[in-house]
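Protein chains: 2
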Amino acid sequence: MTTNPLTVTIRRATRSDLPSIIAMLADDPLGGAREDTSNPLNSTYGAAFEAINRDPNQLLAVGERDGAVVACLQISFIPGLSRLGQWRGQIESVRVAGSVRGDGVGQQLFEWAITECRRHNCGLVQLTSDKSRTDALRFYEQLGFTASHEGFKLSLEVTLDKPC
Amino acid sequence: MTTNPLTVTIRRATRSDLPSIIAMLADDPLGGAREDTSNPLNSTYGAAFEAINRDPNQLLAVGERDGAVVACLQISFIPGLSRLGQWRGQIESVRVAGSVRGDGVGQQLFEWAITECRRHNCGLVQLTSDKSRTDALRFYEQLGFTASHEGFKLSLEVTLDKPC
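Respectively, the protein sequence lines represent chains E and F.
Here the first sequence is numbered in the numbering used here, starting from 1 and rising by one per residue.
Here the second sequence is numbered in the numbering used here, starting from 1 and rising by one per residue.
None of these hints come from the bench; they were simulated from the model.
It is possible that some hints are incorrect.
Because identical chains share one entry, a pair is satisfied inside a single copy or across any pair of copies.
[Stated by the list, open to error] Straight-line C-alpha distance at most 20 angstroms; calculated DMTMM-like pairs for lysine to aspartate or glutamate:
#, residue 1, residue 2
1, Lys131, Asp66
2, Lys131, Glu141
3, Lys131, Asp17
4, Lys131, Glu64
5, Lys131, Asp28
6, Lys153, Glu111
7, Lys153, Glu92
8, Lys153, Glu116
9, Lys131, Glu50
10, Lys131, Asp27
11, Lys153, Asp130
12, Lys131, Glu116
13, Lys131, Glu111
14, Lys153, Glu50
15, Lys153, Asp66
16, Lys153, Asp103
17, Lys153, Asp55
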């Protein structure tokens, strides 16, 4: 007998998904130290959701199973001159809830995301992953991604309530 | 006697800068195989320029000296939920013309770009650089960037003339 992977419905996120998404971002060795899961939700998340939602080149998506949000990611569609003026699809904030991890949900989420990137005529899909996330690095390689680049970050001091 | 670094004026790119920018993108071991410097310019570049220019979260900039474009980069301002709803400034397509390389132009360009990211209240500046660009990797580390992430890419087949 073979077990089929769990089927997940993937759709654009709505404002009411925000607590589930933030809980997933926080339920993580790196995210745990960076996020705030207090209830009511920190208003900075609401402002960020609106900024994402009103930008036609951003797509925040969730995976849902049995009415529960179990995965998320964000795609940024980025226009650029390089490679003959090729669009890029950039994937950030990928999370799969611990309860469904290992069930093929990440695979379904990425197949959906790559299809969205094709639909937007992106010639390249890109993402960075913290070097300490060894399972994630292996997962992206299995999906066909090539770790051809170094991913550099520089933190700046910010005032979180100031609108961009 | 000490030599002062050349002073470069950095400003938003205009359509008329496009041939100079494409020439810089192509004058590169990796870019040479990917770009098209034919005259008149391949129409895909014009379409890409318009997509960048009409997006308020994209900033394509050039560095100019004595009336000549000698450097370029693109900043994408990306809203996101991670890190308390922090904006990111992402830098792509960095080039400095061979004629002024080593004169501090890259440093000035990045100081300008990081100031722009602060002005947009970004909490993080990020970029990826091909692992074969050893000089660039050293330059970003000297600027204070940390190579904490793997940068993954996945190429897709695209129809370049199709609008996004």
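Hint check:
1. Lys131 x Asp66: neither (33 angstroms within a copy, 43 angstroms between copies)
2. Lys131 x Glu141: The answer is both: 13 angstroms in one copy and 16 angstroms across copies each meet 20 angstroms.
3. Lys131 x Asp17: Neither way: Lys131 and Asp17 sit 29 angstroms apart in one copy and 38 angstroms across, limit 20 angstroms.
4. Lys131 x Glu64: The answer is neither: 28 angstroms in one copy and 37 angstroms across copies each exceed 20 angstroms.
5. Lys131 x Asp28: This pair counts as within: shortest intra-copy Cα distance 14 angstroms, inter-copy 28 angstroms.
6. Lys153 x Glu111: Answer is between; shortest inter-copy Cα gap is 15 angstroms, intra-copy 27 angstroms.
7. Lys153 x Glu92: both (14 angstroms within a copy, 13 angstroms between copies)
8. Lys153 x Glu116: Between. Shortest inter-copy distance 16 angstroms satisfies the 20 angstroms Cα cut-off; intra-copy 26 angstroms does not.
9. Lys131 x Glu50: neither (30 angstroms within a copy, 36 angstroms between copies)
10. Lys131 x Asp27: Answer is within: at 18 angstroms inside a copy they meet the 20 angstroms cutoff, but 31 angstroms across does not.
11. Lys153 x Asp130: Classified as both; 10 angstroms inside a copy, 15 angstroms across copies.
12. Lys131 x Glu116: neither (26 angstroms within a copy, 28 angstroms between copies)
13. Lys131 x Glu111: neither (23 angstroms within a copy, 27 angstroms between copies)
14. Lys153 x Glu50: So Lys153 and Glu50 fail the 20 angstroms test inside a copy (25 angstroms) and across (28 angstroms) alike.
15. Lys153 x Asp66: Classified as neither; 37 angstroms inside a copy, 33 angstroms across copies.
16. Lys153 x Asp103: Neither, since 31 angstroms and 24 angstroms both go past 20 angstroms.
17. Lys153 x Asp55: neither (24 angstroms within a copy, 24 angstroms between copies)
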